[in-house]
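**Student:** With the hints as constraints, model all of the structure from the sequences given.
Here's the letter readout for the chains.
There are 6 protein chains.
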Amino acid sequence: MRPSGRKPHELRKVSFERGFSKHAEGSCLVRFGDTHVMCLATVEEKVPPWLKGAGKGWVTAEYGMLPRATGDRMRREAAQGKQSGRTQEIQRLIGRSLRAVVDLVGLGEKQITLDCDVIQADGGTRTAAITGSWIALYDALKWMEAREMFAKNPLRDHVAAISCGIHNGEVVADLDYDEDSSAETDANFVMTGKGGIVEIQGTAEGEPFSQERFLELLSLAQKGIGELVELQKKAIA
Amino acid sequence: MRPSGRKPHELRKVSFERGFSKHAEGSCLVRFGDTHVMCLATVEEKVPPWLKGAGKGWVTAEYGMLPRATGDRMRREAAQGKQSGRTQEIQRLIGRSLRAVVDLVGLGEKQITLDCDVIQADGGTRTAAITGSWIALYDALKWMEAREMFAKNPLRDHVAAISCGIHNGEVVADLDYDEDSSAETDANFVMTGKGGIVEIQGTAEGEPFSQERFLELLSLAQKGIGELVELQKKAIA
Amino acid sequence: MRPSGRKPHELRKVSFERGFSKHAEGSCLVRFGDTHVMCLATVEEKVPPWLKGAGKGWVTAEYGMLPRATGDRMRREAAQGKQSGRTQEIQRLIGRSLRAVVDLVGLGEKQITLDCDVIQADGGTRTAAITGSWIALYDALKWMEAREMFAKNPLRDHVAAISCGIHNGEVVADLDYDEDSSAETDANFVMTGKGGIVEIQGTAEGEPFSQERFLELLSLAQKGIGELVELQKKAIA
Amino acid sequence: MRPSGRKPHELRKVSFERGFSKHAEGSCLVRFGDTHVMCLATVEEKVPPWLKGAGKGWVTAEYGMLPRATGDRMRREAAQGKQSGRTQEIQRLIGRSLRAVVDLVGLGEKQITLDCDVIQADGGTRTAAITGSWIALYDALKWMEAREMFAKNPLRDHVAAISCGIHNGEVVADLDYDEDSSAETDANFVMTGKGGIVEIQGTAEGEPFSQERFLELLSLAQKGIGELVELQKKAIA
Amino acid sequence: MRPSGRKPHELRKVSFERGFSKHAEGSCLVRFGDTHVMCLATVEEKVPPWLKGAGKGWVTAEYGMLPRATGDRMRREAAQGKQSGRTQEIQRLIGRSLRAVVDLVGLGEKQITLDCDVIQADGGTRTAAITGSWIALYDALKWMEAREMFAKNPLRDHVAAISCGIHNGEVVADLDYDEDSSAETDANFVMTGKGGIVEIQGTAEGEPFSQERFLELLSLAQKGIGELVELQKKAIA
Amino acid sequence: MRPSGRKPHELRKVSFERGFSKHAEGSCLVRFGDTHVMCLATVEEKVPPWLKGAGKGWVTAEYGMLPRATGDRMRREAAQGKQSGRTQEIQRLIGRSLRAVVDLVGLGEKQITLDCDVIQADGGTRTAAITGSWIALYDALKWMEAREMFAKNPLRDHVAAISCGIHNGEVVADLDYDEDSSAETDANFVMTGKGGIVEIQGTAEGEPFSQERFLELLSLAQKGIGELVELQKKAIA
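Residue numbers (this note's numbering), protein chains in the order written: chain C, 2 to 238; chain A, 2 to 238; chain W, 2 to 238; chain R, 2 to 238; chain P, 2 to 238; chain H, 2 to 238.
Treat the hints as calculated values from the structure; they're not laboratory data. Do not take every clue at face value.
Copies of the same chain look alike in the list, so a pair counts if it fits in one copy or across any two.
Stated by the list, open to error - Here are the simulated DSS-like cross-link-like pairs (lysine-lysine), alpha carbons at most 30 Å apart as the crow flies: (1) K195 x K111; (2) K8 x K23; (3) K111 x K14; (4) K47 x K111; (5) K143 x K83; (6) K111 x K83; (7) K23 x K111; (8) K14 x K235; (9) K57 x K195; (10) K8 x K47; (11) K83 x K47; (12) K235 x K23; (13) K234 x K53; (14) K57 x K14; (15) K57 x K47; (16) K111 x K143; (17) K8 x K57; (18) K53 x K143.
All values derive from a computational prediction rather than experimental measurement.
**Tutor:** Spelled out as structure tokens, the structure:
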């Protein structure tokens, strides 16, 4: 039995609130249960220095957690003067995940930055951030399309993410904080709408796990991501 | 005529959304028109090092702006490795303002930190942050009261803030970004429920201003803060 | 009775020592009693990046306190790796104050930087810095005038600053450290030679103050700044 | 055909040079072909602050690349004033991998730090670092055993790592830089001597990959890590 | 002929202004011609962490240059967020030089910090700083003696410093900026009142120099330091 | 008697391992007994900003110590976010020493960076780094010569370095850590193949030393550097 009473494959209630920002070219407040992440897409007519003149664009992400997004207050990274290793790891993952479904040459020499800020955390902030950022990215690209900033919309597919893990010996999907902090194994999966795998990150927190166990996690992830993609489709309908 | 069509003394629509955070001891999402600030109060059983053993508590604040809270995306302060002078100035102001209405000895050796994060900016983020933080502080102190963490609730009064300025030669209250960026003079006032002045910060952006003009600003501020305090009272009723 | 034996409106002994630096285009060692600040003006043929091509110049300031300017030694900001919030607040104030009396378009695409370094502190370092920087700025502009670096000297007026406060229930001018550290209210005023107000920053350290009290402070400041401007006039005569 | 002429499953020449450091409690210079990493284990009688009094020890890692370990010189992280996101990601991975095979309670309140410094890079620095660090850790624990610093050696198993990827459409093991920089998919696997999975990190650099492809990578990794563990066994024999 | 018209062995006009700081336990404004350095000694009842319980004290120094101490304005180190390599080298040298004439055991568990801030630079700031710091140190130790903070004054000798160099092929003493910036060889010497050598730092800026030349520099330094020590003696008389 | 049993003038066993890096244009692993330093030379077609257009090149150095190069583990400078004063002092010394034997105009607008990383420290890391860097520099210039990157090889002479000191009252050469940490006086000498002096840095750790003693150190240094230059000649033969 899961602490939340959910069935092993059952996701938390997921919702997408589009366009909540007056300024951003795309925005989405995504909720995976009590995990709430604001995803804002910014379109800029520039690319990183190392990409200048390469005839292609860039999609990148920055991630942050508000100091009291968690049960105990964490130090503010801006006050501390640096981003933690965890923060950097997550923002690199979000950026890679979104680039996997964008034709960067088709985008042209522009940059889209996804700012993912966690308002409230209850496990799975990175998977929510990826899933919600896709919506913000979709809206930003639509905004660009309306301004004829490219010949053809460079978005190639959906992308969504879920964490699956082994908790109390059972394989479960979309772990909340209670489960996450006591899981034996925790794996994050990022997949496209067509079911292609973009990222797999599995970590044995306690005992190493077997290939069989891992395939169960992967199977659960495929099912869960399928549901998330359906929800994305409804949200942009 | 003001860009927004408001009358000189007319505030923007102000709202307080209490208790939106599952974790914080007090929380308030305050809206002054399109300026939206999340204010979260954290109660901790500790005081800053320089106050140890002094038999009193502390109230402090941290302020941040999400990178795309504004029309153009700003660099993330955590990525930049430091907080700007403006950020530090504002968070020091918020802390002082709230301490003015708390009996720190009565609070005992505890610290309350107000995290004010601007989700969307349209002028007046610091005044909204102070006004909304009072609500979060109120709730945090009620939370402490329920746990008998002090003999008597140390909150002594309301505190609220407003910006007034001279725009197109006219004295106006609660400037939005359009007005703020072209105002000749911009002044922030922080006052208590009883009308005491806690902070005054007036700056001539262009021409120096006269004492008469300043008194008009002060008078407008008194009226506006009176309204804000009424709205705070309704919000906690 | 004030700790120093001064009358309520009485300033400390103020002196300006011009041209003490062999290198700077303008320099002034200002003394407000035991508060000693070196103000050096540097003229450079450049403007900040965000002002390039705007056809106007810039006046800015940096502030620092030598580690042993105070009773106890403070950590050196360069060793600590960052400027405190207080330092940044003060240097922003000095810059704004001086810009209020300079015609930036008339200055042309040049930058004048005022370096204000406190050698010895006894309260009122920021007001002394503003008042002394005006002298250094005056001399730097004269230096430029002699080199025909502009058509018309862009200095429009004097600017000077004073702190006034409520100490032991009495309204007093030009607080020294003893008064400052126990004042109920502390306000800094920056005004021009013609009496226009450039900046007002009033803070209730203890009890909020009333409008009446504030007007008394303002009145004292007007008188004191009038005296400072007279002293500036004598210094440059 | 692989650029190096190797067969798909064929590892580069792997060697371990133990005890090359006069100071460290354990040390190993590991070579995966032209990738050379120094792994030094330091034993200290302390634990991180958050583990004090918890009755268990800690194993952690730091990773660095010498500026000219690569074809072009990179900026020195110490001169730049911060570690890159990539560096932090890798050192966190090394630490987690080694902790998976150590009984931290059995270790007692001690900390073992693995310093992994890349002298020369040719792809796979993190997998070489993990594999070589195990040797350094083994020697450091033997050193502690000789000093009776615990009742029972807390090392529970071998741990080793390999990268596998899809290059030119073919599944290959132990990618060198040439392959790595043009691989469609790159995955790092960390496994124990008994074949348990500790970490899986798979990333689609270009096209998303299928579950079938991923299982081929996993299978190749199992074989390769089996070989690495055999080589570790020989090295400590 | 030297640019200043001085004879080869001739020092610039040297003066010591003692006790100019109201707060510091010892203070000296030293002038070597147009090089002006403020040296302030702070006595604290603490020692660095690594010296705790060792039964001895510490003497250390910090060095800084005001941004416009030089012909062109340099960036403020506090604003830049770090001290340059040059700054660190000099402050380490000052500290070592003074420790050479203090009996640290006799000092007891106290720390004396010398803050050397260059107001105006014209070559030889480090040698002026050492020579002037000795005066500030002397006064701080007298201050301690008056308070019976040790059994016997731990100051064992004078210490002073001078730069000598080869300029236009000629060996000259106490180089000013004009000479320093075009010298072939520049050497700094620190010696005690009894003529013992504490530090020698010689650098060939252009051609390597011979042992003979070096001995000429050393001889000139001995003479010059002898004069500086006499001047110190007069200053404290 | 020296702790190592060496005669006063006797160097430790010195060896140079050339070309150990696959990437660097020149490389040398230098060993002075148990002090092992990797020196890698990087050739780049650029010069520092302040040298642009000056028609000459630059030779510079960076120095680092691996955290466990020493008996106790030191904090990693990259993790700490800054280089220590000692590190900066040493890397500036290495750069100056090598520039003394290179014709920078003849080098043309190129930069050669020497990365000196200490793998294992046992005293004398800076002298080993200078002596080994010369080999790496030699090889890098040969590499450039083979590519006709200049008209004439700009290397003018050998350069090597040694530390000499007074230990137990005796003048000894090439101090190891045991001697270094208890030496009364420690001096580093950098000289060319022709015997010209490039740098002298002598420090009295305890008692000041006399001119006679210093000349003995210098004499020992001349002999030792002569031997080092012979070893360099053999190494490049």
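**Student:** Failing hints, ascending?
**Tutor:** As far as the earlier hints go, 3, 5, 10, 13, 14, 17 are violated by this structure, in ascending order.
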